[in-house]
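Chemist: For reference, the chains in residue letters:
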Amino acid sequence: MSVPLALLGLLEREPSHGYDLKRDYDTYFGRGKALPFGQVYSTLGRLARDGKVTAGMSEPGDGPDRKRYAITPLGQQQVEEWLSEPVAAEPYLQTVLFTKVVLALMLGRDAAAYLDLQRATHLRRMREFTQIKRTGSLADALLADHGMFHLEADLRWIDVTQARLGALADMVRES
Amino acid sequence: MIIEARRLSRSYGNTLALREADLAVEAGEILAVMGPSGSGKSTLLHCLAGIFTPDSGEVWFGGRRLDTMSDARRTKLRRTAFGFVFQFGQLVPELTVADNVALPLLLGRVRRKEAYARAAGWLERLGLGELGGRRTGQLSGGQAQRVAIARALVLGPRVLFADEPTGALDSLTGEHVMELLVGLAREEGTTVIVVTHDARVAAFADREVIVRDGQVTNPFAGQAVR
Ligand SMILES: Nc1ncnc2c1ncn2[C@@H]1O[C@H](COP(=O)(O)OP(=O)(O)OP(=O)(O)O)[C@@H](O)[C@H]1O
Ligand SMILES: [Mg+2]
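These protein sequence lines map, in sequence, to chains V and A.
Following full-length UniProt numbering, the numbering of the first sequence begins with 1 at its first residue and continues without gaps.
Following full-length UniProt numbering, the numbering of the second sequence begins with 1 at its first residue and continues without gaps.
Hints are not guaranteed to be accurate.
[Claimed, not checked] Here chain A is said to cover these stretches of chain V; the calculated rule only asks that three of the stretch's residues, wherever they fall, bring their Cβ under 8 Å from a Cβ of chain A:
(1) 114–121
(2) 125–134
(3) 144–158
[Claimed, not checked] To be clear about the criterion: a stretch of chain A counts as covered by chain V if any three or more of its residues have a C-beta under 8 Å from a C-beta of chain V, and this derived list gives those stretches:
(4) 192–202
(5) 208–218
If you are wondering where the hints come from, they were derived from the structure by calculation, not from laboratory data.
Here a beta-carbon is modelled for each residue, glycine too, at the ideal position from N, C-alpha and C.
Next up, chain A with everything else stripped away, as it sits in the complex (with noise of 0.2 Å):
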């Protein structure tokens, strides 16, 4: 078990947005959580990505607890192991599509050189070898994306965290999209939790979880028969 949430409950006043909500997710498993707006997808990915506290349970991460980690080691823990895309708005629009993937290496201490030849084999991975030089805010949506999985995956995080990755984009593209991360999670052995709407998003995964009213209904539903 890569991640675990045990019994996680977190409010936000007075609304309760996830109640004793569990998960189990597997070394290299492609998970999609799924279920009506509202009813706390999007609490429980930032709660497993330690970017929320819950305000009780447990996360837990490679056998580490994260939920009451310092927050030095949590911020570092999720810049080097894990990897985000959201819906939009991660890119710097003003930088190029290179430096926009080079970034996390470079603030990871990179050198300036490996970093731009990395991000350029990431870039052409994802069939954007050309786009090196565009500034992200002259790319297509579709193209938008692909340059956030380059960047997500560039410092072969352990977990990729995706919050409606494909919910901007037209279904095709939004299948396209899914199919360049997918395939490259595999091959990287990368584990994929990715909240989505969308069935077929969702088809792409090994399993689905259902999250109604702040609790996973079926947190282990498909796992034993992998």
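Looking at chain V on its own, in the form it has when it is part of the complex (with noise of 0.2 Å):
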């Protein structure tokens, strides 16, 4: 899903031992779910070869590895497009979409802009699954309506998080 993207948010903020980073992410997106060490390592081992992160010399101390990684600009760029991005209106995508708001309120971007782009992109949808309706079959008709109770679901997500963003925006920059 999105964890390459997540750390990549996480260590924009500043560089960050894996350590670190893997305890943000069980904090702000882990949701009861710790990431293991192993998949921070693989992903980050990863993100340093595709020239979007950079990892520091190794630093004298226990622990697996000490190394402290970098953002680069080709990494930056990449969280900076995946936050002003609306993600495709499909059902269950709540942690997608809270992703994007915690790190767009942590990195101090426009969450509000986001959010808004988010419901004009379900709302499209909307109006795609409405148009099935009224000239699909009874079948296609049971299936938008499938879908169109997810999106609504997500839309109202998406009402009460703008509702709440200042709250939120405290809690994410307090810790």
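Grab the two chains, each in its own frame, and use the hints to assemble them into the complex.
Modeler: Shown next as structure tokens:
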């Protein structure tokens, strides 16, 4: 899913060790399911290979990996693009939407504008479903309804989140 | 552009309900107005329809300035060029369905026989042909809204203003009402501006604008691509 982008986004705040990235990831995006260390380091390895992060020299100490990772301009560009693009309007998107909102707030981006864009994207898909319901078979209509109910749930979440953006921003910046 | 609002502001006492809101609506367009409760949607709709005058800013309708028109001319324009559907309470409960729909025609001095014939035609189009003799106090919510739509369209308005027209209906009935409203508006070429919280209702529109803190956040979004 968005693990590489979430880690990149966390790195855009400041250069960090893998351990700190894992801790922050688990705090904000893990929701009870911790990211395994192995996945953190393999993801960072791939990001380094692709030129999106650089790994500093190993520092003396315990632990498996004492490298400090820093984001590159290429990595920053990818975060920027990812945060300003709406997610395609499909059901079951909550985690991606949430990740984008939290990262946008962390990095001082315009999270409200992102949510507006996401709402417009969802509503466009709702219009397509409405069209299918008007012209399609009963089976098409019922499937469209299923999709619409899920998009409606996302849209409600978008509204509620937008209304609480200030409080969420405080929370994200405090910690 | 059939309706255009420029930098509209309107307050109630200390509450600034609209702050320099802009909006432009093309003729024949179906526009949904969304946004949080208390953001100013109804106030905006009332200003566009000439029911309220804004404290500042301009409202244009078909090349004419609405907000500076005399009350008499504005009232006349509202009666003939605009139709209205609200959440509830617009029908006269003691009158029959046919009376309610014929009423705007009778007030416009159309002859009785013709008024009732035209009303019957509209009731037919809304699937209410059987109910002409029923008192509107005895209708279901969905039926009452269909009568309200017939009454709003009977004079052939250029613009139909609707504020939460399905707000009191369950979602299936609401969808049916919207389908009729939008279907008839498209057949007649009527512009529709509908305020709604409901994404399913908004999905019937060509585009949506969002009102937040008294401003339209995306007044022209999606317009050029039509
Ligand atoms: N008659 C009134 N007197 C005083 N304040 C009012 C009046 N009507 C509206 N307001 C205030 O103006 C602001 C905008 O109200 P408006 O009714 O336009 O919002 P809305 O977006 O239509 O809300 P809702 O979705 O709840 O219908 C709100 O803060 C409201 O409390
Ligand atoms: Mg309102």
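Chemist: Of the hints given before, which are not true for this structure?
Modeler: none
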